[in-house]
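Asks: Protein chains in written order, with the numbering used here: chain A, 1 to 508; chain B, 1 to 379.
These are computed hints drawn from the structure, not numbers from a lab.
Source: prediction; values computed, not measured.
Treat the hints with care, since some could be wrong.
Said to hold, decoys possible - Below, a list of computed lysine to aspartate or glutamate pairs in the DMTMM-like style, where the Cα atoms sit at most 25 angstroms apart:
no.: 1; chain 1: A; residue 1: Lys221; chain 2: A; residue 2: Glu206
no.: 2; chain 1: B; residue 1: Lys149; chain 2: A; residue 2: Glu310
no.: 3; chain 1: B; residue 1: Lys149; chain 2: A; residue 2: Glu206
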Amino acid sequence: MSTRSDVVLRAEGISKVFGGTVALNGVDFNAYRGKVNALVGENGAGKSTLMGILAGVHQPTAGQIVLDGEPMHMESPRDAGEHGIRLIHQELLLFPNLSVAENIFAGSELRSPTGVRLRDQEREAAALLARLGQRVDPRTLLGDLAVGAQQMVAICKALSQQVRVLIMDEPTSALSTREVESLFAVVRALVDDGVAVVYISHRLEEIMELGDFVTVLRDGKLIAEAAVPEIDSHWIVEQMIGRDPSALFAYESRAVGQPLLEVEDLTLARPGGGLSLDRVSFSVAAGEIVGIYGLMGAGRTELLQSLLGERREAVGRVAIEGHRVDGDSIGARIDRGLFLVPEDRQREGLVQALSVKQNISLASLDELGTFGNLSLKREARDVGVIARDVGVKVPNIDFSITALSGGNQQKVVVAKALMTNPKVLLMDDPLRGVDVGAKSELYRIMTRLAKEGIAILFTSSDLMEVLGMADRILVMARGRITGEFGRDEATSRALVSASNPHTAGAAV
Amino acid sequence: MSAQLDAIRRQLVSRPLQELYGELKTPHAWRSLLLRLRAFVALIGIVIVFSSISPSFFTGSNLLVMTEHVAIVAIMAIGETFVILTAGIDLSVGSIAGLSGMVAGGLLNNGLILHPLDMVIYFNVPLVVLIGLGIGAGAGAINGAVITKLGVAPFIATLGMLSVARGLADLRNNGATFPNLAGDHAHGNTGFEFLGTGKLLHVPFTIVLLAIFVVVAVYIAKRTAFGRRVYAIGGNERAAELAGIRVNRIKMGVYVISGICAAMTGLLITSQLGAAFPDTATSYELNAIAAVVLGGTSLFGGRGTIGGTVIGAFVIGFLGDGLVLVGVSEFWQMIAKGSVIVAAVALDEAQRRRQSRASASVASIVEEVVGSDKRAASN
C-alpha cells in the first residue's frame, strides 16, 4: 500500500443527491501520485457522478475534496483544470470539423493581440503528439482520424496544460486491440512522470493489467479499495455485484426442440468496402438460449439487424420455422414470429412521447381491432396481462414511459416483443445499463420464454453475462463466427481468444 | 448526512406512489395547467378583450360568421396536425387549396374540355368536389413520395409544392379568375354555393363540415392503428421502424390527408366567394401551422391533439376577425399573427422542459420507492 503522502487528490465522505435520488453516499476516493487507481462499478453505481465531482462538473451535496492536503472547492471544470485536474470524457467532446491543433487548444487558444497564433499552436500540438508517439499532422481535420487517434488528441488536449490528475472515462470502449496497447503505453509514461490517473473501465482484464489500485462502487457506496496485486478479477466482480457472480443467473437446463431460426451464409457488405458479415451460418432451436460474444465491431449488431430485415442488402438464407424470410420487410418478418429487442433502448426501443401501454402495444396494433380500428378496451386488457407477466413495475400502465428506470424500460421493450407472440427473439445486449436486480429478473424472463419454446439469440460484450446465460455460445470476430462452445466447454479464456480479431480465424 | 438521506427515503416510502405523483405536480399545478391550456386561455382572453371594445363582437350572428371563418383555418390545420405529429411540415397547403379551387372553378365554369374529341363534359357538383379533393390527395401523394422515396426533407419538398401548385393554379386560366360558379341547370351542375353558404337545419353547412372533419380526425388519431403509428413515428421513427411499422406508408398517408384537408379548404373559400381566384389561400399555411402549434402540437412530433388544433384555429380566426372588427389595419394583423406563432412555440418549449424535469424526478422517486419495496420484501 502506498503511504498517505502519495495521495494527490482525496475525496472525503462525498454524497450527492439529484432530485430525490441518492447517487453517492459518503464515498471516499484517492488519486495517487504516479499510480493508476481504477474505478469500477456497475452502471448506476455512481462512477460518473464521482468522476464529475472530482472534475468540478458537479458539486457535492456533502463531503469535501482535498488537494495536497488542502480542502478545496471547485465551481466548474475550469476551476478543476486550473488545479491540474483533467477529465477525458468517454464520448470525447471534440470538434470533428476543426483541425487537431485547433481541438487541442480549443478554449485555451494561444493568443496574440492580432488573433490566435495558429503556427505556435500547430508547433506545440506536434510536440505533444510526438510525446505520445503519435505521427499525426496537427493540421489534419479531427473527423478524418480513427477513433483511437482521436482519443490520443483528447489526451493531448488534457496534457496541453499542466496536469496532475488525469481522469479517463472508459477510454478503450471504442478502440481496437492495437490502439488499446498504444494507449496503455501512453498512460504508463504519464504515470512514470508522476501523474495520478483515475481510470474508469468495465473491462476487468484492462484493470488487472493497468491498475495499481482498484476502487469498487456499488449503489452509490464505496465497497472496497484494494491494491491490484492482492486481488483477482473474480474478486472485483463479486464486490461489484455484491454476491457470487455465478449466482446472478440461475441456470437450469431445458429441453431443446426443432430449429426455429436457420441462417446460412449470411453476408453483408460494409459501405466502405469489405464485409460486415462474412458467410455466417448457424441455427437456434426452440427452447434454446444462444449467446453471441464479440468485441465492438465484430459484427454482432449487424447480424441482428440483417436477421430482422433492417439491412435489406444482406444476402444469404434466413428461415423461421422453415419459411424463408430473407428479402422480406421487417413487418413481414415480425408477422412470421421474429422480433428484435434493440441495443439502444432510448433511441431504438421506446417512443418517449407514448405511455407505457402504448409502447407495449406498438408492434401489435393490427391484432387489437379490425380494419385498422383500435379497441382501446382490448388494448388495456391485453397490455395489462403482459405487463404483469413480465413484471413491469409501474403503478398504472398509462404512466409516461420516461417515469421508469432502465431495467423497467427494458421490461417494457420485452413486453412489446412478447405481445407479438414471437417464436424467435433477438436481443441485442439486453442487460446493458440495467441494475443487478433487474438483470437476474430479465434473465429469469428469458429462461421462462425459452421453456415455453421460444428460440432466443442474444448478444453481449460482457463475458460473465454470456457465460452465465447461454446454452451455447457463438463467438464473432471481423464479421465471422470464429468459435462455437457448448455451455460446459465455454471458458472466458477460450471466448477471449476466439474473439480476438488478430488471432481468431485460426480457431475455425 | 446519511441520517438525513434515510429520513428523505423513509418519507418517500411511507406514501403511496399515486399520491406522490399527484403531489409532485401540485407546487406549480396552476401554472402548468395554464401552460397546458394556453390556447384556451388565449381564446377566452381574446373574447373578453374584443367584447369589451366592440359590443357587436360577442353576438350570436357574429359568432356564427366568425366560426365559418374558423372552419376554413381549422380544416386545413387538422390535416397539418397529422403531418406535424410525424415531425414533418406541410408548407404547400395554401397553394393546394388554391389549385383545387381553380380546378373546381374551371370545371363548373367551362366543364372539362377535351380538344381532340371536340367534346365538353360537365360534372355534377358532388363529382366536382370529389375531383377537387382528389387534386389535393394527388398533390399530397407527390409530397409524400418526394419525402419518402427521394429522401427530400419535408420543409423543402413542400416548399417546392407551394410554388408548383400555385403555378398550376395560375396556369389553369392564365392567371385569371373563374367568375361564375353558379352552374347551369342544363348541365346539371348547380348548387356549388351550398358548400360555403348553405345551411343545414339552420346551421351553416361550413360548420357542419368542420364538425364532420373534427370527428373523423379525432377518430383516426385516437382509435385507429394508423393514428397510433403517426404518433409513434413522430415520437421515435427508429423505434417505430423496428416495431415493424411501415414508416413510409404512414408518412405518405399524412401528406395525403393534409392535401385533402387543404383542398377542402380551397373548395370552401371558392364556394363562399362564388368565384375561383388563382391566389386563393395564399400564405394560409401560416394560419394552419399557427393553429397547430397554438393547440400544443410539438413541432418535434409525437405530441399533440386534434382538439388542441381546433382551439388554436379559433384563436387565429377570432383574433383576425376581432382585429378587423375594431378597425386594426391588415398590416398589424400580420404582425399580431406572426408574434402569436413565435410566442406559442416558445411556450411549447417551456412546457417541454418543465415536463422532462418533472418526469425525471418522478422517475427517480418511482425507482426509489419500488426499490425500497423490493428491499423490504427481501428482508
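Asks: Taken at face value, is the distance from the CA of glutamate 310 of chain A to the CA of lysine 149 of chain B at most 25 angstroms?
Replies: Distance of about 17 angstroms is within 25 angstroms: holds.
Asks: Need the status of pair lysine 221 of chain A, glutamate 206 of chain A: alpha-carbon distance at most 25 angstroms?
Replies: Judged against 25 angstroms, a Cα distance of about 23 angstroms means the pair holds.
Asks: Take the C-alpha atoms of lysine 149 of chain B and glutamate 206 of chain A, compute the straight-line distance between them, and say whether it is at most 25 angstroms.
Replies: 47 angstroms, violated
Hint check: a violation occurs at hint 3 only; the rest are consistent with the structure.
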